[in-house]
Structure formats: structure tokens, C-alpha cells
Amino acid sequence: MAGGYADAWRVEPTVVRAAIGLLSLAGGIGIALYAVGLVTSGPATDVASDRPNAASTDRNRELAIGVGTLAVLMAARWIGLWPGDGIMIPASIVAIAVAVIWNPDPAIDAHGQAWVSVATGPIGRVLVGTVLAIAGIASLADRTGGLADVGRSAGAIAVAIAGLVVIGAPAFGRLVGRLDEERMLRVREEERAALAAHLHDSVLQSLVLIQRADDPRRMVGLARTQERELRAWLYGHKPLGEPTTLAAAVEAVAAAIEVDHNVRIDVVSVGDVPLGDTGRAVVGAIREATTNAARHAKVDHVDVYLEVEQRELVAFVRDTGVGFDPAGVADDRHGLADSIIGRVERVGGRATVASRTSAGTEVEIRVPRSSPRPIVATS
Amino acid sequence: MIAIRIVLVDDHALIRAGVRSELTSTAGDLDVVGEAASVEEAVDAIRRTRPDVVLLDVHLPGGGGRAVIEGVRADKLDTRFLALSVSDAADDVIGVVRAGARGYVTKTIAAADLRDSIVRVHAGDAVFSPRLAGFVLDAFASDEPVPIDPELDRLTSREREVLRLIARGYAYKEIATRLCLSVKTIESHVSAVLRKLQLSNRHQLTAWANERRLV
Chain A
1 MAGGYADAWR VEPTVVRAAI GLLSLAGGIG IALYAVGLVT SGPATDVASD
51 RPNAASTDRN RELAIGVGTL AVLMAARWIG LWPGDGIMIP ASIVAIAVAV
101 IWNPDPAIDA HGQAWVSVAT GPIGRVLVGT VLAIAGIASL ADRTGGLADV
151 GRSAGAIAVA IAGLVVIGAP AFGRLVGRLD EERMLRVREE ERAALAAHLH
201 DSVLQSLVLI QRADDPRRMV GLARTQEREL RAWLYGHKPL GEPTTLAAAV
251 EAVAAAIEVD HNVRIDVVSV GDVPLGDTGR AVVGAIREAT TNAARHAKVD
301 HVDVYLEVEQ RELVAFVRDT GVGFDPAGVA DDRHGLADSI IGRVERVGGR
351 ATVASRTSAG TEVEIRVPRS SPRPIVATS
Chain B
1 MIAIRIVLVD DHALIRAGVR SELTSTAGDL DVVGEAASVE EAVDAIRRTR
51 PDVVLLDVHL PGGGGRAVIE GVRADKLDTR FLALSVSDAA DDVIGVVRAG
101 ARGYVTKTIA AADLRDSIVR VHAGDAVFSP RLAGFVLDAF ASDEPVPIDP
151 ELDRLTSRER EVLRLIARGY AYKEIATRLC LSVKTIESHV SAVLRKLQLS
201 NRHQLTAWAN ERRLV
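Note that the protein sequences, when read in sequence, are chains A and B. For the record, in the first sequence the residue sitting at position 279 is 279 according to the working numbering, with numbers rising by one throughout. For the record, in the second sequence the residue sitting at position 82 is 82 according to the working numbering, with numbers rising by one throughout.
I should point out that these hints are in silico values taken from the structure, not numbers from a laboratory. Treat the hints with caution; some may be incorrect.
Here are the simulated BS3-like pairs of lysine-lysine, each with C-alpha atoms no more than 25 Å apart in a straight line [as the list claims (entries may be wrong)]: (1) B/Lys-173 / A/Lys-298; (2) B/Lys-173 / B/Lys-184; (3) B/Lys-107 / B/Lys-173; (4) B/Lys-107 / A/Lys-298.
Taking the hints into account, I'd like the entire structure generated from these sequences.
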């Protein structure tokens, strides 16, 4: 039942058990919660295997006994058959502690041997239970015999605990190993889930779109975009979201232009740097140069090369298309003048365009790596 | 002219079929004599048919392209390997090249370029796609400290220049024109780079490879 609440609220069943126990002591609210829970919660499930847990019927019977006990206790307190809160509350805490420690967990221990259960239960439960037990016993001792006896009692408790440690150590070691194993399984499962989610959002969607696309060019575009994205994801070139490095930003720009113009853009980059203002200027210039090539060169692919040198960021955008005569470019062709050359010069670099009619075009971009400087005269 | 005998190794039948039709659609100087979908099949097919060139996928069930090259090494065949892959992972590509492949091209390569690459590999030359040139420039970054073996561990400035032009998308012929050299000279530069890539143990290359999970 506590498991039912726990599943609903995504917390440990132990927490729920303790909360309900305390609420019961505080005036019977817990009992009501228990009753509601018993009615509403389904059969407990074995988390590890998703099978309904065969022990759940037994557990419900145990729970019913627990609820009955609590109800009797509350009634006894109400009518005055009560040795006093000072004794009963610590005693209840101890009882809860024992229950917490010794509660067998069928997901972990299918054999039901009590001492193995102690050792193989989650560490946290044993710790919490132990702390509760000590607190309960100490407070009980304080109420009944005064603190003077506590010293002697504590000695006895320490001996008992030492004994438990000796007995439980090997099993405890196994427990730690088991927990590591579980954690690994969980991590693997999470990775698998993340992969499945990603493939669903990207690859599957694209495959469906491709089947519905009538235009072969659009199909190729979709496939190419998806290929690029999956590749980036698989080989870790870029994290999802905004690119933060120069090479990743150039990849992203190339991908966008591919989609818009149905031209394959091969990016080769050597070295990488975090994306700063200088880098952004380079990316902008590459975008303009690549778009120009995709739009005017009448080619099916464009090569982009980016290298981070010691002092400079260097980029080349090359096509083998129709080319043009740079001397014949009219002044109102802002594409070249402003977007490429101007942009690069503003961060202290220079851009040159080499083109010959029917021999292709290559734009060369060189920008010093340090932060923006006034325009440098270069010859 | 005797046709170049080729074995295709790729675990996707569709890719094999596509490449086969691309290779054999024109004049018959290329002959696909075998196909294989796994390391085991590949080793078997290569031993049986003794091809001139193997087009080798980098990723294969049973160990990858590297395992195929290593699997037939003891046979001392004259077979040459060209890696053909969709993989972008630098460690995979460099791994296959270091195992003995004479080049690497991506599957997006145009059919004519692929045929040209096979002829080139068959002739004993190295074939660097722009991407492989980029990987090599990256691995042989110039800011390295003291090389262990200066002859093997460092690219000459001419080699670097040639690689940069390849990475920028230039064909060998265009590079030759640009640098006022013969195509043969360009090819010998690229072959020298391939040799360094395969034999060098330079610290930087090892570190670079480790960073990319290459053994």
C-alpha cells in the first residue's frame, strides 16, 4: 500500500511508511490514509521485472494487521488505557525502526531468509532504521530510567551493533556490489531510453516524411539533413541545441543551407575553438559565401574548409561552378562587399574572392584569433 | 587492359548493390568478383578470389574493417584496400588506414570519383578524401614539441600544403596546376603522408588517437 502511494508520488515506500506511522500517532490521520490506500492501490509490482508480485496478497494481509493494531492503540489512548506518550511514542518509533530494517524486499531477495534480507535490503533503509531504533531506545531510556542508565545501555547497544557488523559484513559487501550492478543497469536503461527518444524524434519522423514526400529533391534534402543530424549526434560533433564552438556552428550553417538550396555541403574542419565574436564573424562570412555558391554557381556540392591556426582562423568556401568575373561585379551587389568582406574586416581580418568564368569560385577568409581589433591594412 | 578485380565488403546489401552498379555501369575496366557482409565472409572471399582492390566498410559485424585487413595479412596478398564508409568518426577511419588501407573515401563520393579512386589505389597510390586530409592535418597539428622521429613524425610544409588543398576540395590535377607540379609529384606527396600516418608513433598522433578512443 505504501508502495502504491510511493509510486504515485515517486518517493521511496519507506518514506511513506514512516510518514503514515507518525501521522497515525498524531491523531489517526494515517489510519485513514492507510484505509484509502488499501482500497485504491493496485497489486504491488516487481519493479525489476514488471511482473505482478506474487507476495502482494500476503503483504496486504500484513498491512491489514498493522492497521488493526494501530486502530486498537488509538482507541486505547482515547479511552485512557495508556501508559503515557513518553513510553508509547518511543516504543512506536522502535517498532517502526524494526519494521523498516527487517522488511523483506522481494525485488532483491526472492529467498526470504530474514538475515539475508537485512543484508541485501537497500543500505539507506538499514541506516534509517538503525538511527530510528537508537533514537527510540535512547528516548525510552531517558523517560523511564533517566539518563544515568543510558551510558550502560549504550555500551550494551554498542556491543550488540559490533556483533551485527561482524555477522553482516560479508553480506553487506555483497549488497554494495549488488547496488553498483543495479545502478549500472539503471544507467544503461536510461541511455537506451534517451537513444530511443532521440531516434524517434529525428530518424523515424524523417523516414515517415520521406515516404510522404512527392518531390525527389525534397526527399534527398530530408535524407541528407537527417543524415547530418544523426551523424553529429552519434559522433558527438555537437550537443543538441545552440552550437558553442566554431566548427559546430559552421556545421549547423552548412546544414541549414543544404536544406534551403538542395546542395550538398561538405565541411572539413581542423581544430576548433569556442565561439566568440571573431568566430561568429567567420561563421557569418562562411554562410554568405556558401549561400552565394549554392545559389549562383549551379553545382551540386560546395566544399567548406575551416582551420584553426595558431594565430588565425582560416576558412575556404569553394565551388567548381560557373564562376564570374570579380572585376565585373556591380557595386550594388551587397552580398560580396558587405556580408563577406565587410564582416571579416570589422574583426580585423580579410576576405578575398577568386573566381574565373566557368572555373569555379573560392572565397578565402582569414581572421586573427585575438579579439576584435581596428581594421588592419593588409596588402 | 585487364579489368581490376574488386571485392565489396559492406554489411548492407543495398549499399553493395548500389556500389556494384555504379562500378560496372561504364566501360568494363572494373570487375566485381565478390561481396561480403561480415569480417569472416570478407576474409574468406579475399582468400578465395585474391582481388586487386577491396572496397572496405569501416564498420562491420565481427570486428570492423581493421579486422579484415589484419585477418588476411598473413596471406601476403597483393590486394589493396580502400576504406569506403559513412562513418565520420576519426578513430575508425584512422584505425583502418593505420591497419593498411591505402585511402578513405565517404559513401557520398560521386561514382566517377570512386572509379578513379579504385584505379589510383590499384596503381599503388594513396587516396585521400577531403575529410581524411582534414583528420590527418588535425592529427599532425603543427604545434608539436620535439618529434621522436623527425622523418616520420612531421609533415613537410609541401605535404601540408597538398593536404590543405585536398581538404579544400581540389582534385589532384587541380593541385598540380596550382602548385606548378606534376600529378605524379602530388601523388608521391600523398603517399608519403600515408606512410607517415601508418608508421609514425609520434606522441601527438598517439594522444590525438587516444582522445578519439583509438587504440
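Pair hint outcome, B/Lys-107 versus A/Lys-298 [Cα-Cα no greater than 25 Å]: Holds, at roughly 22 Å.
Given hint A/Lys-298 paired with B/Lys-173 - CA-CA distance at most 25 Å: Since the Cα atoms of B/Lys-173 and A/Lys-298 sit roughly 22 Å apart, the hinted pair holds (cutoff 25 Å).
25 Å limit on alpha-carbon distance, applied to hinted pair B/Lys-107 and B/Lys-173: Answer holds: B/Lys-107 to B/Lys-173 is near 22 Å, not above 25 Å.
Proposed proximity, B/Lys-184 with B/Lys-173 (alpha carbon, max 25 Å): Distance ~9 Å between B/Lys-173 and B/Lys-184 Cα, so the pair holds.
Consistency with the previously given hints is maintained throughout, with no hint failing.
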